[in-house]
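Novice: Chain A is fixed; fit chain B onto it per the hints.
Here the protein sequences line up with chains A and B, keeping their order. Our numbering puts the first residue of the first sequence at 871, with every later residue one more than the last. Our numbering puts the first residue of the second sequence at 647, with every later residue one more than the last.
Straight-line distance between alpha carbons at most 20 Å, and here's what the computed DMTMM-like set of lysine to aspartate or glutamate pairs gives:
#	chain 1	residue 1	chain 2	residue 2
1	B	697	A	984
2	A	924	A	958
3	B	706	B	724
4	A	920	B	692
5	B	696	A	984
So the derived list for chain A, only partly shown, Cβ under 10 Å to chain B, looks like this:
#	residue
6	952
7	957
8	997
9	1008
Derived from the structure by calculation, the hints contain no laboratory data. Note that the structure is a prediction, hence the values are computed from the model and not measured. Quick reminder that beta carbons are idealized off the backbone N, C-alpha and C, glycines included.
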Amino acid sequence: MRKYYFRCTVCNDIHFGVSPPMVCPTCGATRAYVRSDEKEAGVIQGFMAKDEGKTFTASEMSEVFEEFANQQEFVLNPDTERVNLLIEGVVENEKRHGLKYCPCRMTMGKFEEDLALVCPCNFRVQKTWEEKGECWCGLFVKRRDL
Amino acid sequence: MMADKSRLIMFWGRECPHCRIMMPLVERLEREEGVKFQRLEVWHNEENAKKMRALANVIKSACGGFLGTPTFYDSQGDEAICGEQQYEVLREWALAALKMG
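For reference, chain A alone in the conformation it holds in the complex:
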């Protein structure tokens, strides 16, 4: 049975298994895990350098984001041009800076603090989520049919 890495988008807990935990054992968040790649899992857990490890391609990243949004109260933004640009940035940032940092925010150069910028982030706490129904970068938007 194939196992994957999964990351909790709230606390960055890493899980290695066939499927993601429904509830994060570290922070208690529900349905918060997104499929992760070797580099991200390794860098977050501290056993891999920023220039090591396999990363998702842009098309794999797109699948992962779709999979993450599946059966949630949000969807990927229907503006595909925006989504593709963001995916390009996320993939590029992981290659060059070690993690999938949000292309619409800058890191502080402090590892722990910058973990909050790893995409998908804990966007439900953002003001734009509350006010506009979208994460800061506009990658995920609230479903209108709920």
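Specialist: Relative to chain A, chain B alone:
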């Protein structure tokens, strides 16, 4: 209005959709009002990233706790506005900033 190249700064990211939307508005503002923004791309230029981080107190406060792009910063007034803005809002902000100086 006198153009002061070093006065107003736009911190932006190459793969940031908000920045892509704001860029033509900044160009329009420059064309119509004669103001100038120094454009500093932060994700592909570490020196620019350092400049943005050095202004973290002001920028985080304007963005809601992080260094968001785009951020428009007035180096003389030490003030910033963050994120996608309506043209009129950016125009008012820039003109008010330059007037204060």
